[in-house]
Amino acid sequence: MKVKTRFAPSPTGSLHIGGVRTALFSWLYAKQNNGEFVLRIEDTDRERSTQESVDVILEGMAWLGLSADEEPIYQSQRFDRYNEIIDQLLEQGDAYHCDCSRERLDTVRQEQQARKEKPKYDGCCRQRTDVNLNEPHVIRFKNPIDGSVKFDDIIKGSIEIANRELDDLIIRRSDGSPTYNLTVVVDDWDMDISHVIRGDDHINNTPRQINLLKALKAHIPFYAHLPMILGDDSKRLSKRHGATGVLQYDLDGFLPEALLNYLVRLGWSHQDQEIFSVKEMVKLFSLEQVNKSPSIFNPDKLLWINQEYIKMQNDSRLAELVKPFIKMLGIDLNRGPELEPVIQLQKERAKTLKDLAEVCAFFYGTIAEYEKKAAKKNLKTKAKKGLQALYKEFESSAWTQEGIKKSIEGVVERQQLSFGQVALPLRVAITGGAPSPGIDETAFLIGRDQVRKRILNAIIFIDQSNPETPN
RNA sequence: GUCCCCUUCGUCUAGAGGCCUAGGACACCUGGUUUUCAUCCAGGCAACAGGGGUUCGAAACCCCUAGGGGACGCCA
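In the working numbering, the protein residues as written are 29 to 499.
Honestly, the hints are just simulated from the structure, not real lab data. You can take every hint at face value.
In silico DSS-like pairs for lysine-lysine, Cα to Cα no more than 25 Å straight-line:
{"#": "1", "residue 1": "Lys170", "residue 2": "Lys148"}
{"#": "2", "residue 1": "Lys178", "residue 2": "Lys242"}
{"#": "3", "residue 1": "Lys263", "residue 2": "Lys146"}
{"#": "4", "residue 1": "Lys379", "residue 2": "Lys307"}
Derived Cβ-Cβ restraints for the label pairs, each shown as a range:
{"#": "5", "residue 1": "Thr157", "residue 2": "Arg192", "range": "18 to 28 Å"}
{"#": "6", "residue 1": "Ser323", "residue 2": "Arg132", "range": "35 to 45 Å"}
{"#": "7", "residue 1": "Gly185", "residue 2": "Lys351", "range": "44 to 54 Å"}
{"#": "8", "residue 1": "Ala426", "residue 2": "Ser323", "range": "51 to 61 Å"}
{"#": "9", "residue 1": "Thr40", "residue 2": "Asp261", "range": "18 to 28 Å"}
{"#": "10", "residue 1": "Ser129", "residue 2": "Thr157", "range": "10 to 20 Å"}
{"#": "11", "residue 1": "Gln429", "residue 2": "Lys351", "range": "20 to 30 Å"}
{"#": "12", "residue 1": "Glu376", "residue 2": "Asp300", "range": "19 to 29 Å"}
{"#": "13", "residue 1": "Ile324", "residue 2": "Glu376", "range": "27 to 37 Å"}
{"#": "14", "residue 1": "Lys30", "residue 2": "Ser314", "range": "16 to 26 Å"}
{"#": "15", "residue 1": "Glu376", "residue 2": "Ala246", "range": "51 to 61 Å"}
{"#": "16", "residue 1": "Thr394", "residue 2": "Gly466", "range": "13 to 23 Å"}
A virtual CB, placed ideally from N, CA and C, is assigned to each residue, including glycine.
Starting from the given sequences, assemble the full structure and let the hints guide the process.
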């Protein structure tokens with residue numbers, strides 16, 4: 029059997045983490061079985077579907093690298109096909125016209141709730157033949173009344189739901205448009221979807237869809253219902269509930285592979301392994317091993333994984349990735365050293381690309397202001413002599429890492445100070461107090477002139493902050 | 001309310017009846033390395049929801065209870 033999976037979002041908002049994980053698992057399953065993965069845009073709700081949302085989905089999938097094997101399918105372009113099927117169902121006697129008003133439906137529902145029953149359509153029009161087709165009406169599917177629907181979910185196991193729990197769902201609205209359960213069934217069938225992988229909020233729809241499939245004598249795909257991802261209040265992640273859109277993660281400086289890696293570990297694991305390349309995921313992922321229980325989204329762990337990815341990234345790729353963030357900070361790369369060596373030194377000090385851009389900032393341009401604590405601790409009158417000596421020393425010393433280190437050590441020795449007493453003020457002088465690598469390599473990259481200039485500024489700063497103190 | 005699904009450290013998870021005195025990871029805490037921060041290293045804290053069975057033996061199997069989530073739309 030050829031494996032074919034699909035990701036079928038509705039373009040009614042941002043593409044969030046939950047959707048992305050569903051997409052990822054579907055994609056992984058297709059890839060590992062040499063199958064196909066396709067994207068289907070479920071835009072039958074013309075009221076709420078927007079082009080912006082479609083673009084966000086497309087962009088998000090592209091950013092993540094979850095490529096589809098066919099052009100995306102838009103349900104809004106397949107209405108003829110849906111209508112054909114609805115008419116067929118009508119002809120077969122598996123569907124019927126219903127002109128119940130919304131008011132009546134509401135009343136019925138309320139009564140049922142008052143009786144503590146599950147609200148369902150009562151089948152009022154099921155046997156009627158006198159519905160006026162010139163008046164507004166809908167078409168409903170004749171769901172079987174007896175028996176039950178049973179299916180083996182790859183993740184959840186055997187699930188059985190009695191038909192008496194189901195009602196006659198609307199398959200064509202009064203405006204003539206088809207509804208979700210109908211379109212899903214038709215599309216999965218037409219597209220030859222072998223495995224339906226989706227969130228477990230769809231478990232309840234599955235028996236309805238199977239009944240529809242049976243009425244159409246279509247083959248029934250395998251189902252795999254993924255547990256939900258919940259917010260830290262253990263409420264379901266939804267569009268208005270802490271559900272950050274994927275593109276925001278891009279903007280925040282996350283690597284797509286890191287996001288994918290975090291997501292693949294939500295509900296799935298492979299021994300004690302935490303880091304998986306996309307290649308490894310494809311190889312090792314197993315739908316059968318996906319957990320049944322929901323998991324809570326943990327931003328701290330995402331951050332950790334992102335940091336791991338930043339650390340293992342090669343410097344040239346990282347430099348490319350960080351450039352947009354550098355730009356956003358208004359940093360002019362022409363006013364300092366090459367970016368790559370700077371990245372190499374700073375990459376273990378950043379959890380996101382945004383962080384990375386920030387810690388690179390002091391290499392370019394001048395120090396606008398010192399970090400308060402660092403300045404208070406290190407830019408004191410006591411530090412002035414050392415800085416003055418360094419200023420002089422650096423004028424002519426060899427400008428290599430080694431040479432810089434020797435210069436500092438020379439000052440330390442001559443002034444009978446500890447290494448820290450000299451190096452720390454220097455560090456604050458040239459970095460402003462930002463986290464930075466070894467002082468010699470940092471100074472080396474910043475460059476002789478700039479380092480000396482910054483030392484001078486630090487001395488001025490010391491004088492200004494301690495006007496009372498004589499030299 | 002009804003139906004469906006779920007339940008191991010705070011969080012993600014390992015666990016397929018004896019390997020479990022329950023393992024790993026994030027977070028947190030303590031120490032070490034270090035020239036700041038980070039990295040790195042060593043250590044610590046911390047869980048089988050509760051109750052009944054089944055079994056020589058149960059975190060694992062069954063039942064009940066409790067708790068959580070989902071569905072119950074002319075949304076998807």
